[in-house]
Each structure stands twice: as structure tokens, then as C-alpha cells.
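Going line by line, the protein sequences match chains A and B. Take the first sequence: its position 513, counting from 1, is numbered 513 in our numbering, and each next residue is one higher. Take the second sequence: its position 403, counting from 1, is numbered 403 in our numbering, and each next residue is one higher.
Read the hints as simulated data drawn from the structure, not as lab findings. One should not assume that every hint holds.
Covered stretches of chain A (in silico footprint by chain B; criterion: 3 or more residues with CB under 8 Å from a CB of chain B, positions within the stretch not fixed) [as the list claims (entries may be wrong)]:
hint, segment
1, 115–123
2, 145–153
3, 158–172
4, 370–384
5, 524–531
6, 553–560
Far from chain B, some chain A residues (derived; all Cβ distances over 10 Å) [what the hints assert, rightly or not]:
hint, residue
7, Arg21
8, Leu41
9, Gln42
10, Asp64
11, Tyr72
12, Leu86
13, Leu132
14, Gln140
15, Asn201
16, Asp442
17, His450
18, Thr453
19, Ser455
20, Ala462
21, Gly534
22, Met536
If you're wondering where the values come from, they're calculated on a predicted model, not measured in any experiment. Ideal Cβ positions, reconstructed from N, Cα and C, are used throughout, including at glycine.
Listed below are the residues making up each chain.
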Amino acid sequence: MTSVAPFLVFFIGALFVALSRGTLRSVLLLAIPLAGAFNLLQFDPGSYGTLSLLGHTLTLVRVDKLSLLFGYLFHLAAFLAIIFSLHVRDPIQQVSGVIYAGSALGAVFAGDMITLFVFWELLAVSSVFLILARRTQRSQAAALRYLIIQVLSGVMLLAGVLIIAHRTGSIAFEFIGLGSLGSWLIFLAFGIKCCFPLLHNWATDAYPEATPTGTVFLSAFTTKVAVYALARAFPGTELLVYIGATMAMFPIFFAVIENDLRRVLAYSMINQIGFMVVGVGLGTALAMNGAVAHAFNDVIFKSLLFMSMGAVLYKTGEMNGSALGGLYKSMPITTGLCIVGAASISAFPLFSGFVSKSMVMVAVLEEGHPIVWLALLFASAGVFHHAGIKIPFFAFFAHDSGIRTGEPPRNMLIAMGIAAVICVFNGSYPWLLYSLLPFPVDYEPYTAAHVLTQSQLLFFSALAFCWLKLSGLYPPELPGVNIDAEWIYRKIAPAAIQRLGGALGTLRQGVMFRAQTRLERFISHIYRHHGPDGIMARTWPTGSTVLWVAVLLGAYLLIYFL
Amino acid sequence: MIAAHLPVLQIVVPLIAAPICLLLRRGSLAWGLSLAVSLAVLVIAANLLTQVLESGPISYQLGGWAPPWGIEYRIDVLNSFVLLIVAAIGAVVLAYARRSVAQELPESQQSGFYTALLLCLAGLLGVTVTGDAFNLFVFLEISSLSSYVLISMGRDRRALTAAFQYLVMGTIGATFIVIGIGLLYMATGTLNMADLGARLPAAGASRTVLAAFAFLTVGATLKLALFPLHFWLPNAYAYAPSAVTAFLAATATKVSIYILLRFFYTIFGPAFAAADITLQSLLIPLATVAVLVCSTVAIFQNNVKRMLAYSSIAQIGYMMIGIGFGTATGLTAGIVHLFNHALTKGGLFLVLGCVVLRAGSCRLDDLAGLGRRMPLTMFGFVLGGLSLIGVPLTAGFVSKWYLVQAAIEQGNWLVAAAILAGSLLALIYVWRVVEAAYLRPAPENAPEAAEAPWSMLIPAWILIGASVYFGVETSLSVGVASEAARFLLGGAG
């Protein structure tokens, strides 16, 4: 067999992309994922590319059903993102995007924790350029915050790996499970990249600041690598069920009050990852299959949504829901494709979200977690509201903002088109996807019960939205319409919901403000002592340094003599 | 015939070449001679290392006088490794120096500069190679005095005060060392290090010996700039000529660390040093504070040279943490980091020298937009910076890996956390430079900066390349360092 490690195709490809120009560069860019996919098809399950370093044996490539599925997925996602960004004339974005995708492949095929760590850090370093490439003041600040958090995750991972390697002598990337300090560090390191609640802010902070095409790359890889890592190392950890349920719930409130549509999508990404985390936490065959299948579908439909918003941003330069609207007249194709993405994320029957999300939901019930099931049901309704309705509605319909533009470049439309086809295909014919899942599947998505439950949920949500819209209870200026809460608590007055949204906003602002002033005070405190004129950095007169010498000598003598 | 005299040739060649340099008067001639000498020294050092690795320690008797009375040059795994570092850095810096020195110094001073640099090199090599405690002091003075001269040659007038402060502090350090040696002589009646090591156990832990230990420790930690005795270092590094900064940063402090190791392990013996828990409880906290405080100070510096100087103090903290643990892993980590950091920091200061040559200064504001105008130079800085942070596949990662392992072995979580926190702080100060060079536009009135000349870029890239190379291929650095650590622990035990 003459195949090479999957990440190598991308890394070498990135080198050639960096050295080429014009049409050749575009051809090379497209060839990379295709060559990579061809290379990947040659692999049989097993471990390849072992080398020994620092007294441990590293396994560069470990192929089994789980890593293969993510491998296919990342090739597909990279292909879509590359097509979508083909018109960009910015080598930094293109090269770093390819390296970033390659690092993600390196991480999912890593057979040991040290290899994983190396790619884990490469993911952080390569992706930050996709944010920097926006070249605005805000994006640079966000990029630095992003980088620090991502590197912190890497440092925690390394620390955890070291501790475990020291205790057990093993660096295998296998089931770890919670227990020792080392495993907790690794768990948190994964959690940061996976957007666990309170550790998630980097995503909602950085994704909206990246370039229109960069966010498509970003949304596909980092978090899914983390889901993969959790599925590998912590399946069946009950804590994950509750963490996942929280992740599915809390972003809904923020997504509702958020105006920047790409930030809304970032929140909805966390919400979708919540479903996967719940699946991993349950750890049964059905749940794991559901989690992995949902990761697959999520990458595609979330890419589609980020692409459609990227297209809007690219054409209008505007991303706030309040400033957009009425674009369906000038961008009808984009509108249609965005609605396919919205239908998929909302899990309409015949769209891809439906066939995977319901697996997790059924597994939750089977394992006897009715409250978690209710939480996920609520989250599903919430998704339909903020991603399924809010995104297309505020961007393409709502009140006419007066913006007149045209369809985005053809490569963007093609990328979105392919993604939309995959969404519909996976939704209508899920068995190909099912056959790739790590465990055998005996799950039938299109039973009357599943279809009815989901349709009811969606139908009532939509009905509520329409009724509120027609009765004029929701003025179009409102940044958000909280239908999910409405569907469950029909009696709660819209004003209360609005206040809830407002209160959450104020609360968040208050917390952010306080944290910021704390941080500023802390930094100025450090600066006072460590800054150029601080006591630690001043040029001291020779006399006082000599005094220090005397003090130290005295201290040593005292200690030795005692 | 000559092969037998290599240990002394190592010192004699630069020592004799130095006055000839002064007589040559022409800067370029002096440069040519000193480059040739430094290359010869490098060849000798490499030769000695292979000899030692093959057939064990070499003992050379100066003038044929037998060891306890005559002066002995004794070369084992540890100091042949340090010799190689010093000689290699010396050769690279001298290859680099011509253009940089020609710009920063007037023609009349150049031959003097090369004289002082050769003397400093001879002194450092002498300190490393000698097996006689008093001889060590003599060579230490040779290297120190010439380094004061070198620093005072900096263009900035503050170089004079910096050199003066270094002179006062350095002299105090050297005096402490000689007092310590004198006390040891009082207790044992010998100056040969191996002999001292053999006789000290008999002398017991008398007050004289303890006082000697204290004086030696303080003297050595002053010379190697361990927090809080580091205040002479930032100014000296910041205002010295670029080539001198690179040379001193990569060699002088490293040799001082070697002195400390030598005193601790060969003279006092690992039993004495390791049994002395208080030593650990003083050195490790100071080293940890050095890592955290000086990394933080580095973040706020506006002069990149000064920033790297503070980072050096922090990195010395890392080495001292490893040495302070006193275990095989700890010593290996300390010695590996000594090697890796010499390459990394030497390379970084050489790169900065290129910046000074073209941009005229190395204030952070003057670096704005340099990434486009000097792509090779600034990319070198990025790679060196990555090694400083300890990113995988760079030399810095290897040292930190062993250091963290040593800390975990001891169950010292606080120190392990401090090491990792230090990496994060390093990320911030390296980032500030990267941000200025790549993301900020060049100021309107910036001088037209072109890429640095190849004669400077190639030496700088040799060191930067080495700091990446030794991140992947560790058999030389880690292999020799762990052998040296084993030797130190087992040699006198």
C-alpha cells in the first residue's frame, strides 16, 4: 500500500499552494481534498507510522471506523470550504485553512496522546490566521483572546497527558474516563475546545470576527475534533449527559437576544454540540452512533448556514439582523439554500438533522433520562426558532432594509449547493451514513412516531410564530422572538419574554463589565510592579543590588549554620 | 602529538591570537584572524567531545606537574559539552560580527573589539576546561574583564553605566567565589577540584566549609543572574553591541551555571548538596519566582533587546529549577535547556542584530511592518520565539518536557504549573513582537529597510535552524546531557 498519513497530503499541499499563483493555486486547492480522500480510501483499519520520541512510541495514524468517519467528514468539509473560498485572493487565508484542515485530520487519526497534543496545538495556531485575516482592530483582539484560550487548552492537555504517562506509563489515546487529576485536566482541555458551558466564550467571541470564508473553516473542525476526542476518551461518562443538556439549552437564550447573525449561528453550534455531547455521555451504541452521525450532519448544515451568512456578509458588508432584511429579492438562490440549511438544523423530516438528532433523543429515553429528554426537546424547539426561523427571516425577509445586491460569486453558490444536496440526501436516504457509523445500526428514523413528534413540534412552533406575527404582538424591530419558550408556556405574555431577554442581556453585560474591570485592575496592578518603571523592571542603583547580595549571603549562612 | 595537547591549545590559541589582533589594527584583518581562531577552537572542542564520549575523561597536566600541585585541565562529559556550546556560539557570532560591528563601532575600536572578544572566549573556555579551583577564578576574571570592555563599546551612552554596574556586581561575584575558594583551601589545603572533592568529606561540615559553600553559591548565582541578583543583566544586554549581546547571552551565563554545577557536584559532592534540603528550598523558589516575575516584566518592555534579556533571566530560572531538583531527570532537563537556550537566545539576539542594522533600533515601535520588509529576519524571530515558548517540534519544547517531567517526579505541582504558566507568558511577549512586525503598518517616515546581508542572516539562521533541529533530533542534546547528569550524580557518589 502506498498511501501517506492523511494530514501530510494537506501539509504538502499547503506548501505548494503557498508557492503557486492564480489558476494553478485554485486547481491545487481543489486537488488537495480530492487527493486526500483518494489517499484515505486506501487505508485499512490498523495502526501506521509509528516512531519513537522522548522514550515513547508514537502512532501517527490509527484507522478504525470512528476515525475513518471523521476523516471522510473533514475531507468533505474542507472541500466545501475550499470551493466556497476559491474567489479569495489572500494566500494567508488559503494556506492556513488547508493547514488547519490537515491538523484536524492529524488529530482524529492520532493514535497516541502526544501526537494528539501536537495537532491540537497546530489547530489553534493555524486557525488563528483565519480570524486575523479579517484585518480589523476587533478581529485582532479577538484572535489574540482565541489563541490564548486555545493554547491554554493545549497546555492543560499536555499537563494531563504527562501526569497520566507518569502514573501509568501509557500515552495511548484510548478510553480514559474521569478519575485522577490527569484525566480531569484532559477532560477540561477537551471541554474548552468543545465549548462546555462557561468555557465556550472563545467560539462566540472569535467566529463572528473571522473572515466570511474563514468562519466556514472554523465551524467545521475545532469543535468536532473535540467531540471526536470525547467520544474516544470519555464515552459513557454520565457527567457529559448533563453538560450536554446544558449546552443544548443555554445558548438558546443568548441566540435570541443576539443581533449579529453569525454569532447566533455560533450559539446554535454550541447547542448542536450539546446533542452530540449528550450522546457521548450516554455511551450506548445507539447514542454514540447518534452523536457521531449528528456531528457529520452538523458540519454540513452548519457549514451551509455559515456559508449563506458569509455570502450575505460578503455582498452587503452587514451582519446585524436589524440592518438586514428583504434580501430574498436580490439573492433568491442563496435564500433557498439557506432555508435548506435551516430546515436541516431544525430537523425537519427528510432533512439531515432529523435522522441523527432523533437517534440521540431516543437513546436518552431508552437510558431513562426523561428530564434530559425534555431539555433536549426544548432545545430542539429553540433551534428551530433561532436557527431555523430567525436566521433566514431576518436576513432575507422581515422588513425590507433597502439593500439591493446580487447573488454571490458562482463558487460560493456551488459550495452551498453541494452542501444542500448532502443535507437532503442524508435526510432522505440516511442508510449510507448509517453504514459508516462505528456501531451497527438497527434504527429506523422514519417511523410514524418519530415523524409525528418532530412534525408536531415544528408545526406548533411555526404556528405560534405566525400567530404572533399576524396579531402584531411582535414588532419587527425586536431583535428576537422567543418562540421556544412560548410553545411550552403558552400563557406567558410576550412582554415577559422580552423582559427575560432584556434581563439576560443586562445580566450578561453586568457580568462582562465586572469581569472586565477586575481584569483591568489586575493588569494595572501587575503593570505597576512589572511595567518598565515598576519595581521589578527599574534599573536599580548598584548600592541596593549589593544590599541584595549581602541579604542573600546572610540568608544562606543563616540557613547553613542552623 | 598535537592531539595530546588539545585541551591546552583550546585556551592558548585564542589567548595568543588576542594581542595579535590588537597589533593588526585593521578591523577586517582582526576579524579574519579571530574567525579563523574561533573555527579552530570549535574543531578542537568537537574533537574533545568525541574523545571524551569514546574513552572517558581526559586529564591534562599543565607543564607536566602532577595534579594536586600543578594545574590540571580535566575534561569530562559535562564540560566538553559546555565547551562545544561556547566554541560553537563563538564561531557563529564571529562569522556574523563583521557587518554588525562595522556599523556599530568606529574603525579605530574594531581591532580592540575583536581582541576583547577573543579574550572573553579564551576566558570562558578556560573556566570550563580547568580542573583547578583558583585557575577557574583567574579565567573567570579574564572573561569578565573583557566582557565589561565589550559592553562599554555599545553605541548608547548608557552602555557605560551598564558596563560599570556589571563591573561592580561581577567583581563582587568573583570576589565571593575567590573567598569561597580561599575558605576551601583553608579547610583542605588543596585547590585541585577532584582533590577537593576527595578531601572535603574528611573535613566534615565545619563552619569554614559551610561558609565557603554559601559564598560560592551567592557568587555563582550572581554571575549567572539568578533572581534577585539579576539587576545588572538587562541593561548590560540591552546596550551592548548586538554581537556581544548574542555572545554573552548564549555563553557567559551558561558557563556560570556550569561553575555552579561543578562546585555543587564535583567539589561538594552530590551527597552534600542533595542532603542539603535547604539548598533546594532556596534555589527552587527563587528560580520559580524568576520564571514568573521576569517573564511578566518582559511583557511590558518596549525595547525588544531588553525584553529578551528579561526572558533570559526567566529561562535561567528554568535551568535552575532543573538543577535545584538534583535528580537525574532534573539535571538532564537543566543541562538540555542550557544547550537549547544557548541556541535559541543566541539566534534571537543575532536576528535582532539584523534588525538593528537595518531599522536602526530595536524599539517595538520601530519594528512595525518589518515582517514585509525583512521577511527572512522576522521569520527567524518567529521560529526562535516559538522555541522560547516551547512549542512542539522546537528545542524549547524538549527542555520543558523534561523539566515538567522532573517536577512531576518530585510531585512538585506548583513548580510544574509555574513552568507551564511561564510558557503562556512567553507567548504573550513573543506575540507582541510578531504583532508589531506583521500586523502593524510601517510608519510613514520609516527608513527604507531591506533584508539583512547574507553574512549576518546565515549565522543567525544556523542558530535558529539548530533550535528547530534539536527539537526533533535530540540524540546529541538529550543524549549527552543525560550522560552528564549521570556522571555528576554517580561520579562522586
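Hint check results:
Counting residues of the segment 115–123 of chain A whose beta carbon lies closer than 8 Å to any beta carbon of chain B gives 3, which reaches the threshold of three, so the coverage claim holds. Counting residues of the segment 145–153 of chain A whose C-beta lies closer than 8 Å to any C-beta of chain B gives 4; at least three are required, and the coverage claim holds. Counting residues of the segment 158–172 of chain A whose CB lies closer than 8 Å to any CB of chain B gives 5, so the stated coverage by that chain holds, three being the minimum. Beta-carbon proximity to chain B at under 8 Å applies to 0 residues in the segment 370–384 of chain A; the threshold of 3 is not reached and the given coverage is violated.
For the segment 524–531 of chain A, the proposed coverage by chain B is satisfied: 4 residues have a C-beta within less than 8 Å of a C-beta in that chain, meeting the threshold of three. Taking a C-beta to C-beta cut-off of 8 Å, the segment 553–560 of chain A contributes 6 residues in contact with chain B, enough for the three needed, and the coverage statement holds. Taking the minimum C-beta to C-beta distance to chain B, about 17 Å, the non-interface status of A:Arg21 holds against the 10 Å cut. With 10 Å as the threshold on Cβ separation, the claim that A:Leu41 sits away from chain B holds: the shortest Cβ distance comes to roughly 29 Å.
With a cut of 10 Å on Cβ distances, A:Gln42 stays outside the contact zone with chain B, its closest approach being about 27 Å. Listed as a non-interface residue, A:Asp64 keeps its Cβ farther than 10 Å from every Cβ of chain B; the least gap is roughly 25 Å. Under the 10 Å C-beta cut-off, the non-interface status given to A:Tyr72 relative to chain B holds; the minimum distance is some 27 Å. Consistency note on A:Leu86: stated as away from chain B, and its beta-carbon is indeed over 10 Å from all of that chain's, at 25 Å minimum.
Some Cβ of chain B comes within 10 Å of the Cβ of A:Leu132; the nearest lies about 7 Å off, and the non-interface call is violated. The beta carbon of A:Gln140 sits about 6 Å from the closest Cβ of chain B, which is not more than 10 Å, so the claim that it is off the interface is violated. Every CB of chain B lies more than 10 Å from the CB of A:Asn201, the least distance being 18 Å, so the non-interface label holds. Residue-level check passed: A:Asp442 sits 43 Å from the nearest beta carbon of chain B, beyond 10 Å.
The Cβ of A:His450 lies farther than 10 Å from every Cβ of chain B, with a closest approach of about 46 Å, so its non-interface assignment holds. Separation of A:Thr453 from chain B is adequate, the least Cβ-Cβ distance of about 48 Å exceeding the 10 Å criterion. Against the 10 Å criterion, A:Ser455 stays outside the reach of chain B, whose nearest CB is about 51 Å from its own CB. Look at A:Ala462: its CB is around 46 Å from the nearest CB on chain B, clear of 10 Å, so calling it non-interface holds up.
A Cβ of chain B approaches the Cβ of A:Gly534 within 10 Å, the least distance being about 7 Å, so the stated non-interface status is violated. With a closest Cβ-Cβ approach of about 5 Å to chain B, A:Met536 is found to fall inside the 10 Å limit, against its non-interface label.
Hints 4, 13, 14, 21 and 22 from the earlier list are contradicted by this structure; the remaining hints agree with it.
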